[in-house]
Amino acid sequence: AQSVTQLGSHVSVSEGALVLLRCNYSSSVPPYLFWYVQYPNQGLQLLLKYTSAATLVKGINGFEAEFKKSETSFHLTKPSAHMSDAAEYFCAVSEGGGGNKLTFGTGTQLKVEL
Amino acid sequence: DAGVIQSPRHEVTEMGQEVTLRCKPISGHNSLFWYRQTMMRGLELLIYFNNNVPIDDSGMPEDRFSAKMPNASFSTLKIQPSEPRDSAVYFCASSSSGFSPEAFFGQGTRLTVV
Chain A
74 AQSVTQLGSH
84 VSVSEGALVL
94 LRCNYSSSVP
104 PYLFWYVQYP
114 NQGLQLLLKY
124 TSAATLVKGI
134 NGFEAEFKKS
144 ETSFHLTKPS
154 AHMSDAAEYF
164 CAVSEGGGGN
174 KLTFGTGTQL
184 KVEL
Chain B
268 DAGVIQSPRH
278 EVTEMGQEVT
288 LRCKPISGHN
298 SLFWYRQTMM
308 RGLELLIYFN
318 NNVPIDDSGM
328 PEDRFSAKMP
338 NASFSTLKIQ
348 PSEPRDSAVY
358 FCASSSSGFS
368 PEAFFGQGTR
378 LTVV
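As you go down the protein sequences, you meet chains A and B in turn. When we follow this note's numbering, the leftmost residue of the first sequence carries the number 74, and every step to the right adds one. When we follow this note's numbering, the leftmost residue of the second sequence carries the number 268, and every step to the right adds one.
Pairwise CB distance ranges, derived in the manner of DEER restraints:
| no. | chain 1 | residue 1 | chain 2 | residue 2 | range |
| --- | --- | --- | --- | --- | --- |
| 1 | B | Asn-338 | A | Pro-103 | 28 to 36 Å |
| 2 | B | Met-307 | A | Pro-103 | 28 to 36 Å |
| 3 | B | Glu-350 | A | Asn-114 | 22 to 30 Å |
| 4 | B | Thr-287 | A | Leu-80 | 32 to 40 Å |
| 5 | A | Leu-91 | B | Lys-335 | 45 to 53 Å |
| 6 | B | Arg-276 | A | Asn-134 | 24 to 32 Å |
| 7 | B | Glu-311 | A | His-155 | 27 to 35 Å |
| 8 | B | Arg-377 | A | Ser-82 | 20 to 28 Å |
| 9 | A | Leu-129 | B | Glu-350 | 42 to 50 Å |
| 10 | A | Glu-144 | B | Lys-335 | 35 to 43 Å |
| 11 | B | Val-381 | A | Asn-114 | 18 to 26 Å |
Just so you know, these hints were derived from the structure itself, not from any lab. Note that beta-carbon positions come from the ideal geometry of N, C-alpha and C, so glycine has one too.
All chains should be built: construct the whole structure from the sequences, respecting the hints.
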């Protein structure tokens with residue numbers, strides 16, 4: 074069975090500071106991994122995905138994530154936070170291939186302060 | 268493409284009434300997912316379909332919930348009878364079994380059962 078653990082339900086950073094949102098996964102097969110962002114009263118939007126190609130994945134809005142198999146991690150980073158990054162972020166895992174269900178973490182609420 | 272379309276966006280109903288949520292997936296996608304989001308339980312997968320066939324409905328909370336996908340362009344999630352604890356945001360998502368396995372989400376239906 075696949076699962077995702079997101080450490081920290083709330084993260085607060087200053088504008089311009091590094092953003093680091095943590096995600097660890099469990100999967101019995103090589104996984105596909107995703108980060109989604111959710112703004113208030115909206116659906117989930119894909120930030121980036123890992124599908125067994127390059128381990129460092131770049132996404133939209135300056136975010137990137139690195140797949141580390143030895144650590145079973147897929148942490149999300151952004152060098153410099155912007156006020157518009159305030160949202161909830163979800164890590165998700167799929168056991169490879171299309172048409173397979175995504176299992177989501179519990180989410181991390183990112184707050185960006187002046 | 269207009270993306271995944273859900274209707275209605277908001278639904279307020281009285282306890283005991285039947286509620287039907289609707290979803291139109293992205294054209295060409297062959298997998299469809301229904302998720303429920305609450306503060307207490309986060310994002311839960313209720314059911315998913317591949318090629319219009321239900322693959323995993325283990326997340327459906329009880330017999331009051333049912334989902335159908337009569338064709339590749341339409342799905343419904345029905346709750347009968349509805350209860351206040353069903354109040355949540357319900358998301359529909361679709362994906363393709365091709366190279367890009369990520370799921371694309373609709374804007375959600377906010378259900379309130381009073």
